[in-house]
Amino acid sequence: MHEYPITKRIIEISEKFAKENHAQEVKQINLVVGEYSGYVASSIELYFEIIAEDSICKNASLHIERVKPKLKCDSCGKLFERKPFSFECPYCRGEGRPTEIGQEFYIKSIEV
Amino acid sequence: MSENNEIEVMQSVYDKNDEIAAKINTSLTEKGIFAINVMGAPGAGKTSTLIKIIERLKDITPYVIEGDIEADIDTKTLQALGVKTIQINTNGACHLDSPLIGEAVETLNIENGVLFIENIGNLVCPAEFQIGEHVKMLISTVTEGSDKPYKYPLAFEKANSIIINKCDLLPYVDFDEEYFMKGVRALNKTAPVFKISSKTGEGVEEVVSWIKQNVK
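In order, the protein sequences belong to chains A and B. Every number in my numbering is 846 more than the matching position in the first sequence, counting from 1. Every number in my numbering is 147 more than the matching position in the second sequence, counting from 1.
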């Protein structure tokens, strides 16, 4: 549901940066979306085509780099991907806590 | 190699929401308002918990912003109790965001007190958006089950306090408190956890003390 307004915002930001750099057209938008950000990358792709139609992003391809969330083990300090229903570290069986990895949601760059 | 000219952006897509949220937060602080973003699933007892808290706040003025998809049932209940309450209907959206709160705060015209912002009943999206609050209070219940921290980790991670509601029903449901707390503490080391019943009022006094400590 909330991918629609956020996709609009992605296009607004891309347009702003393109215009500041005197570009007539955005060819590609490179987006980083953590799987723990709450945004579904495939929904953004779906809305993108519809919303971009009337903008200088209309021919742009959307490149999404998806980031898997990682926990950091309290005992051994290693980063690991969480298994469902568990926070257990696969290396030492300690307990992991959330990190910023997987919560990203930003435009890395645009190509014009 | 691409012939495209790459321009670095490195800009969060949340920026606009967060910018407005920061302004609301400053403005509320200046007005002597402590704002609590109340999150929880539909039926967790968010409004009934607020009523029990407000009854015990005594010398602190309560204000409420009620977020709902369509109805204004909770707003009417609170207004009937004499609580200054404003309704926000999102008409389908799954969470409140800061532009909506900004408008509501202006309409409410408030100062010196506690503002409870009851978010949309949803354990996912409300945790993702700053709305100008000072703290987030998450209400979970024994009837929802003890696996909630494992299934909705972000809400538990972001919460500044966690309430386990409907504890009067503990004899009738299979709620594994140890498993629940293990999940909570894996995600959140510091948030106080309060066991209450919004029906009987049991345990609510401790939540009120926590709020008062924060208001100062």
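Take the hints with a grain of salt, since some may be wrong.
Computed list of lysine-lysine pairs in PhoX-like fashion (alpha-carbon distance at most 20 angstroms, straight line) [what the hints assert, rightly or not]:
#1 B:Lys-163 / A:Lys-918
#2 A:Lys-929 / B:Lys-298
#3 A:Lys-854 / A:Lys-873
#4 A:Lys-854 / B:Lys-163
#5 A:Lys-916 / B:Lys-342
#6 B:Lys-363 / B:Lys-342
#7 A:Lys-918 / A:Lys-873
#8 A:Lys-918 / B:Lys-223
#9 B:Lys-363 / A:Lys-918
#10 B:Lys-363 / B:Lys-178
#11 B:Lys-163 / A:Lys-865
#12 B:Lys-163 / A:Lys-916
#13 A:Lys-918 / A:Lys-904
#14 A:Lys-924 / B:Lys-178
#15 A:Lys-916 / A:Lys-929
#16 B:Lys-305 / A:Lys-916
#17 A:Lys-929 / B:Lys-329
#18 B:Lys-163 / A:Lys-954
#19 A:Lys-914 / B:Lys-305
#20 B:Lys-359 / B:Lys-223
#21 A:Lys-916 / B:Lys-336
#22 B:Lys-205 / B:Lys-336
#23 A:Lys-914 / B:Lys-342
#24 A:Lys-862 / B:Lys-305
#25 B:Lys-359 / A:Lys-918
Just so you have them, the derived chain B footprint on chain A, three or more residues with Cβ under 8 angstroms [unchecked claim]:
#26 859 to 867
#27 879 to 891
#28 896 to 908
Hint data in this document are derived by calculation from the structure and do not stem from the laboratory. The beta carbon of each residue, even a glycine, is placed where N, CA and C say it ideally should be.
_Check whether the Cα positions of Lys-363 of chain B and Lys-918 of chain A lie no farther apart than 20 angstroms._
Status violated; Cα separation ~35 angstroms.
*Does the alpha-carbon distance linking Lys-916 of chain A and Lys-336 of chain B stay inside the 20 angstroms limit?*
17 angstroms, holds
_Restraint status (C-alpha distance of Lys-363 of chain B to Lys-342 of chain B at most 20 angstroms)_ = 23 angstroms, violated
*Straight-line Cα separation of Lys-163 of chain B and Lys-916 of chain A no greater than 20 angstroms?*
Given that 20 angstroms is the threshold and the Cα spacing comes to 27 angstroms, the pair is violated.
*Is Lys-916 of chain A close enough to Lys-342 of chain B, meaning Cα to Cα at most 20 angstroms?*
30 angstroms, violated
*Check of the segment 859 to 867 of chain A against chain B for coverage (Cβ-Cβ below 8 angstroms, three residues minimum)*: That given contact holds, which follows from 5 residues of the segment 859 to 867 of chain A lying within Cβ reach (below 8 angstroms) of chain B.
*Is Lys-918 of chain A within 20 angstroms of Lys-223 of chain B, Cα to Cα?*
46 angstroms, violated
*Is Lys-862 of chain A close enough to Lys-305 of chain B, meaning Cα to Cα at most 20 angstroms?*
32 angstroms, violated
*Going straight from one Cα to the other, do Lys-854 of chain A and Lys-873 of chain A come out at no more than 20 angstroms?*
17 angstroms, holds
_Holds or violated: Lys-163 of chain B to Lys-954 of chain A, with C-alpha atoms at most 20 angstroms apart_ = 17 angstroms, holds
*asked:* Run the distance test for Lys-163 of chain B versus Lys-865 of chain A: straight-line Cα separation, threshold 20 angstroms.
replied: 19 angstroms, holds
*CA of Lys-163 of chain B to CA of Lys-918 of chain A, is that 20 angstroms or under?*
Roughly 30 angstroms separates the two Cα atoms, so the pair is violated.
Checked against the numbered hints given earlier, this structure breaks hints 1, 5, 6, 7, 8, 9, 12, 13, 14, 20, 22, 23, 24, 25, 28; the rest are met.
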